[in-house]
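Starting from the structure of chain H, add chains D, E, B, S and C with the ligands where the hints point.
6 protein chains.
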Amino acid sequence: MKLVLKISGKFFDEESSENLIVLKDTIQRLINEGHKVAIVSGGGATARKYIKMGRELGVNEAHLDLLGIWASRLNAYLLTFILSGLTYMKVPENLEEFIEKWESGKVIVTGGFQPGQSTATVAALVSEAIGADYLILATNVDGVYDKDPRYYSDAKLIPKLDTETLKKVLENSQSVKAGTYELLDPLAIKIIERSKIKVIVMNYKKLDKILDIIRGKEIGSVIQPM
Amino acid sequence: MKLVLKISGKFFDEESSENLIVLKDTIQRLINEGHKVAIVSGGGATARKYIKMGRELGVNEAHLDLLGIWASRLNAYLLTFILSGLTYMKVPENLEEFIEKWESGKVIVTGGFQPGQSTATVAALVSEAIGADYLILATNVDGVYDKDPRYYSDAKLIPKLDTETLKKVLENSQSVKAGTYELLDPLAIKIIERSKIKVIVMNYKKLDKILDIIRGKEIGSVIQPM
Amino acid sequence: MKLVLKISGKFFDEESSENLIVLKDTIQRLINEGHKVAIVSGGGATARKYIKMGRELGVNEAHLDLLGIWASRLNAYLLTFILSGLTYMKVPENLEEFIEKWESGKVIVTGGFQPGQSTATVAALVSEAIGADYLILATNVDGVYDKDPRYYSDAKLIPKLDTETLKKVLENSQSVKAGTYELLDPLAIKIIERSKIKVIVMNYKKLDKILDIIRGKEIGSVIQPM
Amino acid sequence: MKLVLKISGKFFDEESSENLIVLKDTIQRLINEGHKVAIVSGGGATARKYIKMGRELGVNEAHLDLLGIWASRLNAYLLTFILSGLTYMKVPENLEEFIEKWESGKVIVTGGFQPGQSTATVAALVSEAIGADYLILATNVDGVYDKDPRYYSDAKLIPKLDTETLKKVLENSQSVKAGTYELLDPLAIKIIERSKIKVIVMNYKKLDKILDIIRGKEIGSVIQPM
Amino acid sequence: MKLVLKISGKFFDEESSENLIVLKDTIQRLINEGHKVAIVSGGGATARKYIKMGRELGVNEAHLDLLGIWASRLNAYLLTFILSGLTYMKVPENLEEFIEKWESGKVIVTGGFQPGQSTATVAALVSEAIGADYLILATNVDGVYDKDPRYYSDAKLIPKLDTETLKKVLENSQSVKAGTYELLDPLAIKIIERSKIKVIVMNYKKLDKILDIIRGKEIGSVIQPM
Amino acid sequence: MKLVLKISGKFFDEESSENLIVLKDTIQRLINEGHKVAIVSGGGATARKYIKMGRELGVNEAHLDLLGIWASRLNAYLLTFILSGLTYMKVPENLEEFIEKWESGKVIVTGGFQPGQSTATVAALVSEAIGADYLILATNVDGVYDKDPRYYSDAKLIPKLDTETLKKVLENSQSVKAGTYELLDPLAIKIIERSKIKVIVMNYKKLDKILDIIRGKEIGSVIQPM
Ligand SMILES: Nc1ncnc2c1ncn2[C@@H]1O[C@H](COP(=O)(O)OP(=O)(O)OP(=O)(O)O)[C@@H](O)[C@H]1O
Ligand SMILES: Nc1ncnc2c1ncn2[C@@H]1O[C@H](COP(=O)(O)OP(=O)(O)OP(=O)(O)O)[C@@H](O)[C@H]1O
Ligand SMILES: Nc1ncnc2c1ncn2[C@@H]1O[C@H](COP(=O)(O)OP(=O)(O)OP(=O)(O)O)[C@@H](O)[C@H]1O
Ligand SMILES: Nc1ncnc2c1ncn2[C@@H]1O[C@H](COP(=O)(O)OP(=O)(O)OP(=O)(O)O)[C@@H](O)[C@H]1O
Ligand SMILES: Nc1ncnc2c1ncn2[C@@H]1O[C@H](COP(=O)(O)OP(=O)(O)OP(=O)(O)O)[C@@H](O)[C@H]1O
Ligand SMILES: [Co+2]
Ligand SMILES: [Co+2]
Ligand SMILES: [Co+2]
Ligand SMILES: [Co+2]
Ligand SMILES: [Co+2]
Ligand SMILES: [Co+2]
Ligand SMILES: [Mg+2]
Ligand SMILES: [Mg+2]
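Residue numbers (this note's numbering), protein chains in the order written: chain H, 2 to 227; chain D, 2 to 227; chain E, 2 to 227; chain B, 2 to 227; chain S, 2 to 227; chain C, 2 to 227.
In isolation and in its complexed conformation, chain H is listed as follows (with noise of 0.2 Å):
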């Protein structure tokens, strides 16, 4: 299969060694069973941070957003060096870049690709651009639910829905202003459903049961295209 696998930048935040080698013994099981892989990386605190010293200083929202790209573009080498010798050993700044490298047969890692676009586009269309088998959201919390966990308790994960579904969840769910989901952008569905590509939401501290979410075994939400 080909995969592509969207780490949330909140993964980098918890400087967890574990964090890390989970990750690792996944891709490199998913490559020795025949996989191939290509990983996106959100910005996370690192990001905020730099976003924040700009935006003191009265920097413009393009330039902030490449502060941010920048910052996950370092959490991308941080796993490009980790995974030393499956990887590809640059990051692709633009999805042009992507597709040329792509080829070398080698696991990409990519941070953001441009102001304006959030990391899960990014992921959207490197997964439209390899005819992604599945497009794995790992974030930290273990799938799509009825309300944001985050501050409902009694919230529900949906383990399958499509992206209908998923637009009104988001939208009814979300505490941040109308127009900019988290998890996944218009953008993003919009290439979503445009190239049929199937998502997974899931929990990166589960990312050893990719496979088997996947296959619907393991909790984790299943994201058709409409």
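By construction, these hints were calculated from the structure, which means they are not laboratory data.
Quick caveat, the model's predicted, so the values are computed rather than measured.
Warning: the hint list may mix true and false statements.
No copy labels: a pair is met if it fits in one copy or bridges any two.
Claimed, not checked - For lysine to any residue, the following SDA-like pairs were computed, each having C-alpha atoms within a straight-line distance of at most 25 Å:
#1 199 to 59
#2 197 to 187
#3 53 to 197
#4 53 to 87
#5 199 to 218
#6 37 to 87
#7 53 to 17
#8 3 to 105
#9 53 to 141
#10 25 to 65
#11 210 to 22
#12 207 to 152
#13 53 to 132
#14 168 to 183
#15 50 to 17
#16 37 to 101
#17 50 to 94
#18 168 to 155
#19 199 to 33
#20 207 to 33
#21 37 to 59
#22 25 to 56
#23 206 to 160
#24 191 to 57
#25 207 to 154
#26 91 to 36
#27 199 to 65
#28 199 to 61
#29 53 to 26
Okay, now just chains D, E, B, S and C with the ligands, sitting in the frame of chain H:
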């Protein structure tokens, strides 16, 4: 002033020397008067021709978009060479490259940047990055109308509107399927709003009137970001 | 075998899915049989369209050639994406870049390299650099004729000839001005001669017969370097 | 004058707008007065954080250094964007790229260049390449002391010294293991000596006094190359 | 005026400081007087040395030419560094890169561009791209002679000629095999003719007289394109 | 095994086909036996020639070093082309580029990377980055001696030593000024020590015995990192 000029792909389809001469003279005059200019070219018929051939052969959406992007870059090179002496002599292929070259002080011409993204979004990103005073959309109609002027001869031009109104007008007036407006798509509008970019919609036949249109003395639409 | 395939710009002008399917199947089959392939695309009508617009606006010869080169690269990207999976996913822009990428083991598709130079010369340079067994010129006629077949219905195909004869035939048969032959220009022939490259001229409608033509079993011309 | 300013990684760790404002104002003023400036950023806590994660996962020394280098480049981008308008908008990644971009006349900001090499060495290389009048090390102490001021409250600042003396002071005063001095390592000193570069060590809190420090009117150390 | 100066490889073989000082002073003076200058370096003995070693080991023609090209680039770097302050600090490796960098306003120095092509052709391509007023060939003889001056002491210098005459003279006078003239090869002459570039042939020992030679006041040959 | 082979600049100065043939055969054999190889070329007489010309014209130290680096890259291209088929066909210009290309699986040949740095340091950096089993210094003497063998005919080869001993031997035996040893400079030794790289010093005339020397069966010196 800093101006970003988005030239519709339709401009190139007309294969009209007259069009090109007016554009050349306008840019020359703007530069002489001390303005700074960036230009973004659409893809037009050349883009559609190659996308059609690719689609018949089963090329995926990401790669089809890249064919359209390379066509828009060909249009961009035409303008680059016509304006030779004023222009930076390479067409940047992504926003980071644009940002780097902008500092040369030359007119920069670009085409598309990335699959899943219109050249209107490219123009919005470029406007945000350089802090443009105006983003000017030069197209084959005189401005924003209350209905699609292609189909309704009684459509009325709206000389001044805000982005909230624009979104409503575009959603109602357009024949294309929901969420994919012509002229300006949602991502372009989001960037325009977050960075408060003023937008002009005008006819590319009237490029020589560009400053009068900005001042509201000639026909065109001025869009205020919300 | 190592094969360099120069595809005439006319091939793309026909906008024919059939043409493209035959090309796709042929390359797939050659690769399956263990051959190594490079492809060079001509510019065709797209090149002429942009050169015409540029010339009307006073663009200089070097820049006009670059418009043609960018058009040929657009053709090259079309082939690159149609053959996606077999191909290197970026079109090299000069011989040094070609040489570097060739080692990837993928099919490399290029367009033009440099002003003042035909894509036939590009194909000869590429053939020399990789030590090609054959340089195949796939065009809209069946081979080299004793007179220009476009104008003389009694023109006779020459199945075997050497480069000395070729030069004479091209000089006599052609309507264009001295020293600028069609099919193969003097620089291309010089390279073919100095590196002893065998050349085939054939019809792109018969690409599926390519190996039979090489073996002399099907219609086409084989040119021996002197 | 041509000035190279090496900003300690510690400067960024303070996440202080005040620090950044002083730096911004200083550079603006230096440019207004006609000086030419290059800036080299250290890696600081961000570098140490990623190196620590990498080391726990068994990443090799060369790749760990690269994590630190990418962190220093993130610091460099922060300065690049804060000084936007004055700066070259890309962080060069090696000396040859720096040399090429320097001719743009803009302020160039770099981070690290290469594993096995401090950003102080980067600053020395940059100073040599452009023939800098002064290499200024802006750090968290007021200058070079006879003992490490971190541990000895009675350490005395040395206002003037030569590189021979500097080497002795650094070797004796420092807690770190032999041959790896803080502030300036042996390779940086070797370059400073072979190209006779004058060096200033000063506190980054006093960046606004930079010209007075050079003139010896304010607290700091001036180092004469031998 | 815009001037392209092609410096013979023989210039570097003399390893003469005097040669280099005259060149440096001449370029400095031309720039001071407001001219714009590009320089193309030949490969000379360094090229021949590496080509000889390569040929003995069976290296192919394309790669041998690349050895010569890299040698000419080494000569180009020597000039770039000697003229540091006036020059663009990287040697462009193809015409598109040259065209991009030319807009920097600096003196650009190049060596060879591509196998199968002399540095005289490089100089003609560069002249065409920038619309040079003169292409100046600085070599080890005083101009074009009616016979090869190396072998005939009674050879007479031709102060004015056109490209038609030049072709005849070169074909008759030269000892090298047909079609590969010294000084200017057929492709270079073709470019000179199509873009009507005026050419000067002069001795590099007299570079300080360059403007007088252009004005016909000093010994040299002026070639008119036909 | 992973082997890094540093070829002395003196190797190229001999302009000996025999040298080149032995090197070619050795690399071919190592690859056939399944080893992975990187090669670093010194600059030799070509470097010295260009540095001398530059120095006479007042070129600064950084730029002089770059002339030497470009000369070593010319040597590297010679090896690249001689070993064509086995090698990556571009000479990387810095460590990050080397690291990226190393994953291609080809033999990578480099010259120098950066001013202020010997090609021995380049070889040490490359060895560290790839985790080389051995760094092999192929030079014009048979190994490390107790005195400089150039001046003392009674100098004795030391078959086994550690880096501590090496430092002492080099400091005492060498005629060059303190701190700038031949063979291996302090920075190279520092890298060798921090990453525990085993080093062999051997004669390039005996490259065909390379594996025997590693096994201690042939004359050469083995250096153990401390
Ligand atoms: N309906 C929902 N289902 C699941 N999570 C939700 C929902 N609504 C809101 N969330 C929030 O979305 C968050 C995950 O999305 P978010 O974009 O913040 O992180 P990410 O994409 O994993 O990481 P990053 O954007 O930092 O790379 C969860 O922490 C959760 O609180
Ligand atoms: N309310 C409206 N006001 C103005 N034009 C409208 C409206 N609704 C639809 N249109 C159509 O939008 C078209 C312009 O947008 P479109 O995106 O097609 O072109 P463009 O952006 O100028 O060019 P391209 O996308 O080819 O670069 C007009 O031709 C018009 O028919
Ligand atoms: N003799 C000395 N004089 C001054 N500072 C000294 C001396 N000896 C040791 N130090 C220490 O050197 C430190 C500065 O050097 P250091 O290399 O750590 O920082 P930097 O180069 O400014 O930043 P970075 O390496 O993080 O970019 C000071 O904090 C001080 O404690
Ligand atoms: N009719 C002629 N007039 C002038 N020179 C001629 C003529 N015929 C042959 N030559 C030879 O041409 C030589 C110059 O051309 P050549 O191409 O060898 O050098 P170049 O172009 O200056 O340098 P390089 O090719 O090494 O960069 C002269 O040395 C001269 O002997
Ligand atoms: N103790 C020693 N043992 C061995 N060689 C020594 C010793 N001391 C000095 N040398 C000299 O070191 C030389 C090799 O080092 P050097 O750096 O000059 O060459 P290299 O590194 O092989 O080549 P290059 O630096 O030109 O790439 C020998 O020629 C030898 O004379
Ligand atoms: Co997110
Ligand atoms: Co549009
Ligand atoms: Co043709
Ligand atoms: Co430090
Ligand atoms: Co010549
Ligand atoms: Co050495
Ligand atoms: Mg786009
Ligand atoms: Mg560094």
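Same-copy or cross-copy closeness of residue 53 to residue 87 [CA-CA at most 25 Å]: Answer is between: at 21 Å across copies they meet the 25 Å cutoff, but 35 Å inside does not.
Homomeric proximity label, residue 50 with residue 94: Cα distance no greater than 25 Å: For residue 50 and residue 94, the Cα distance is within 25 Å both inside one copy (21 Å) and across copies (23 Å).
Within, between, both or neither, where residue 3 and residue 105 count as close if Cα-Cα is 25 Å or less: both (14 Å within a copy, 21 Å between copies)
Residue 53 and residue 17: within-copy, between-copy, both or neither at 25 Å Cα: both (24 Å within a copy, 11 Å between copies)
Intra- versus inter-subunit Cα pairing at 25 Å for residue 207 with residue 152: within (22 Å within a copy, 46 Å between copies)
Residue 191 and residue 57: within-copy, between-copy, both or neither at 25 Å Cα: Only across copies: residue 191 and residue 57 sit 22 Å apart there, 34 Å inside one copy, limit 25 Å.
Status of residue 22 relative to residue 210 across identical chains (alpha carbons, at most 25 Å): within (14 Å within a copy, 42 Å between copies)
Alpha-carbon proximity between residue 25 and residue 56, which holds within one copy, between copies, both or neither at 25 Å: between (35 Å within a copy, 14 Å between copies)
Intra- versus inter-copy proximity for residue 59 and residue 199 (alpha-carbon distance at most 25 Å): between (40 Å within a copy, 20 Å between copies)
Within, between, both or neither: residue 53, residue 197 at alpha-carbon 25 Å: between (37 Å within a copy, 20 Å between copies)
Alpha-carbon proximity between residue 53 and residue 26, which holds within one copy, between copies, both or neither at 25 Å: Answer is between: at 19 Å across copies they meet the 25 Å cutoff, but 34 Å inside does not.
Copy assignment of residue 37 with residue 59, given that the CA separation must stay at most 25 Å: between (42 Å within a copy, 22 Å between copies)
In the structure shown, no violation is registered for any of the earlier numbered hints.
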